[in-house]
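Asks: One letter stands for each residue in the lines below.
Protein chains: 2
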Amino acid sequence: MYDSENREGEADFVIASQFVKPESIKRMRQDGGGLIFIMIPKQVADKLQLPFLANLYSEISNKYPVLKEIAPNDIPYDTKSSFSLYINHRKTFTGITDYDRSLTMRKFAELIKRIENLDSNLVIKEFGKEFRSPGHVPICVASKNLLDERKGHTELVVSLLQMADLIPAGSGCEIMGNNGRALSKKDTIKYANKNNYIFLEGNDIIKAWKQWSK
Amino acid sequence: MYDSENREGEADFVIASQFVKPESIKRMRQDGGGLIFIMIPKQVADKLQLPFLANLYSEISNKYPVLKEIAPNDIPYDTKSSFSLYINHRKTFTGITDYDRSLTMRKFAELIKRIENLDSNLVIKEFGKEFRSPGHVPICVASKNLLDERKGHTELVVSLLQMADLIPAGSGCEIMGNNGRALSKKDTIKYANKNNYIFLEGNDIIKAWKQWSK
Numbered sequence: 001m002y003d004s005e006n007r008e009g010e011a012d013f014v015i016a017s018q019f020v021k022p023e024s025i026k027r028m029r030q031d032g033g034g035l036i037f038i039m040i041p042k043q044v045a046d047k048l049q050l051p052f053l054a055n056l057y058s059e060i061s062n063k064y065p066v067l068k069e070i071a072p073n074d075i076p077y078d079t080k081s082s083f084s085l086y087i088n089h090r091k092t093f094t095g096i097t098d099y100d101r102s103l104t105m106r107k108f109a110e111l112i113k114r115i116e117n118l119d120s121n122l123v124i125k126e127f128g129k130e131f132r133s134p135g136h137v138p139i140c141v142a143s144k145n146l147l148d149e150r151k152g153h154t155e156l157v158v159s160l161l162q163m164a165d166l167i168p169a170g171s172g173c174e175i176m177g178n179n180g181r182a183l184s185k186k187d188t189i190k191y192a193n194k195n196n197y198i199f200l201e202g203n204d205i206i207k208a209w210k211q212w213s214k
Numbered sequence: 001m002y003d004s005e006n007r008e009g010e011a012d013f014v015i016a017s018q019f020v021k022p023e024s025i026k027r028m029r030q031d032g033g034g035l036i037f038i039m040i041p042k043q044v045a046d047k048l049q050l051p052f053l054a055n056l057y058s059e060i061s062n063k064y065p066v067l068k069e070i071a072p073n074d075i076p077y078d079t080k081s082s083f084s085l086y087i088n089h090r091k092t093f094t095g096i097t098d099y100d101r102s103l104t105m106r107k108f109a110e111l112i113k114r115i116e117n118l119d120s121n122l123v124i125k126e127f128g129k130e131f132r133s134p135g136h137v138p139i140c141v142a143s144k145n146l147l148d149e150r151k152g153h154t155e156l157v158v159s160l161l162q163m164a165d166l167i168p169a170g171s172g173c174e175i176m177g178n179n180g181r182a183l184s185k186k187d188t189i190k191y192a193n194k195n196n197y198i199f200l201e202g203n204d205i206i207k208a209w210k211q212w213s214k
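Sequences listed follow chains A and B, in order. The first sequence maps to residues 1 to 214 in my numbering. The second sequence maps to residues 1 to 214 in my numbering.
Hint data in this document are derived by calculation from the structure and do not stem from the laboratory. Don't take every hint at face value.
The list makes no distinction among identical chains, and a pair is therefore deemed to hold if it is satisfied within one copy or across any two copies.
[Stated by the list, open to error] With a Cα cut of at most 27 Å, we get these calculated DSSO-like pairs of lysine-lysine:
hint, residue 1, residue 2
1, 47, 26
2, 185, 151
3, 185, 68
4, 144, 63
5, 68, 186
6, 129, 68
7, 26, 125
8, 214, 185
9, 186, 26
10, 210, 26
11, 26, 194
12, 63, 185
13, 194, 80
14, 151, 63
15, 91, 151
16, 91, 68
17, 207, 63
18, 190, 91
Note that the structure is a prediction, hence the values are computed from the model and not measured.
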């Protein structure tokens with residue numbers, strides 16, 4: 001997926017978390033190289049009672065004044081940070097191997113499916129039985145109204161999943177170019193063709209979304 | 001560096017943060033593939049007033065009950081998590097590119113050097129002028145008495161830096177094998193030889209440390 005809306009341009013691997021295998025993590029880290037993370041809708045985050053880290057830091061900054069000083073009040077690409085907790089499945093060891101990260105992602109997707117009709121107080125117990133934090137897989141939370149509200153990669157991915165009727169947890173990773181910055185659009189298309197991946201342009205997802213969500 | 005003490009065995013890239021360049025990040029993500037992070041002594045963390053995430057979560061868990069549920073009370077390789085904040089230098093864009101992560105690491109090492117003789121209240125202001133959190137570079141904090149207290153990779157790296165009289169901020173990354181788990185010791189030695197890197201065994205660092213710190 002390529003997001004031209006992003007000021008610097010951004011290429012990303014995207015895969016539904018329910019399908020992530022150790023080989024997926026290997027591919028993302030070897031050919032992508034960015035942060036390997038999970039993206040979920042705001043509604044799921046609310047059900048899991050997941051805080052935004054930026055809010056959490058701000059709320060406890062009386063105890064830790066350093067958190068006031070390093071507040072993310074100047075993010076160049078957005079008005080606020082969409083990062084929530086970093087998690088590991090409790091059956092992982094370090095949490096970072098291909099095996100461990102793929103387990104965390106797959107099990108997280110399964111959890112989301114399982115809690116669909118549960119009350120939120122039960123949900124966090126189910127969540128806690130299986131996962132711990134701090135961990136190695138960051139969760140980013142999409143804006144509530146998805147592409148109608150914000151057009152970042154988290155919203156693009158969550159919208160895609162919704163249109164495809166998959167479990168609303170996406171896994172992704174930025175793809176780096178050889179110049180130490182994001183891979184260019186041209187090279188992203190070349191890479192996708194060579195490896196038999198589908199290339200999607202952010203703007204096309206937005207168009208499809210407008211049609212679909214009418 | 002290879003740590004045989006670790007139950008699963010663990011291979012790591014190690015480089016002093018002051019020397020990290022975009023190419024270092026590229027090498028770590030392409031040939032390593034684990035979490036790319038910073039390691040510092042407890043004394044530096046205290047000066048920066050950096051909290052352990054696990055403590056911070058626990059302290060604010062009345063407001064966010066989910067944090068109680070997902071507490072990291074079952075880490076298989078340790079008694080507690082050594083993770084502190086994830087930071088970005090304020091001059092980064094997304095924070096994740098090779099360029100951005102190397103800038104964050106180098107500037108963090110420079111900060112540590114600069115604050116050596118400053119009062120902690122000034123230190124957090126200096127820190128906040130340059131860095132924001134949440135970010136993409138996690139900081140791990142070594143045990144106070146280093147290898148006399150704990151023999152994890154964070155302590156090994158911080159001890160190495162101290163013996164080498166470098167700025168006490170190390171950068172590192174776990175090296176994955178083709179099997180989706182940590183690279184074996186044999187393959188780590190092979191890789192180091194092929195690429196002209198120094199191979200260090202954790203136990204040898206511990207021996208040197210005992211000698212040096214007498």
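Asks: So, for every hint listed, does it hold in this structure?
Replies: Hint-by-hint comparison with the structure:
1. 47 / 26: Intra 31 Å, inter 37 Å, cutoff 27 Å: neither.
2. 185 / 151: For residue 185 and residue 151, the Cα distance is within 27 Å only inside one copy (17 Å; across copies 45 Å).
3. 185 / 68: neither (38 Å within a copy, 43 Å between copies)
4. 144 / 63: Only across copies: residue 144 and residue 63 sit 22 Å apart there, 30 Å inside one copy, limit 27 Å.
5. 68 / 186: Neither: 41 Å inside a chain and 46 Å across chains, both beyond 27 Å.
6. 129 / 68: between (32 Å within a copy, 11 Å between copies)
7. 26 / 125: For residue 26 and residue 125, neither the intra-copy (31 Å) nor the inter-copy (39 Å) Cα distance is at most 27 Å.
8. 214 / 185: Classified as neither: same-chain Cα gap 29 Å, cross-chain 57 Å, threshold 27 Å.
9. 186 / 26: both (23 Å within a copy, 21 Å between copies)
10. 210 / 26: For residue 210 and residue 26, the Cα distance exceeds 27 Å both inside one copy (34 Å) and across copies (38 Å).
11. 26 / 194: Classified as both: same-chain Cα gap 18 Å, cross-chain 22 Å, threshold 27 Å.
12. 63 / 185: neither (45 Å within a copy, 43 Å between copies)
13. 194 / 80: neither (36 Å within a copy, 44 Å between copies)
14. 151 / 63: neither (35 Å within a copy, 30 Å between copies)
15. 91 / 151: between (35 Å within a copy, 23 Å between copies)
16. 91 / 68: For residue 91 and residue 68, only the inter-copy Cα distance (18 Å) is at most 27 Å; the intra-copy one is 35 Å.
17. 207 / 63: neither (46 Å within a copy, 40 Å between copies)
18. 190 / 91: neither (38 Å within a copy, 31 Å between copies)
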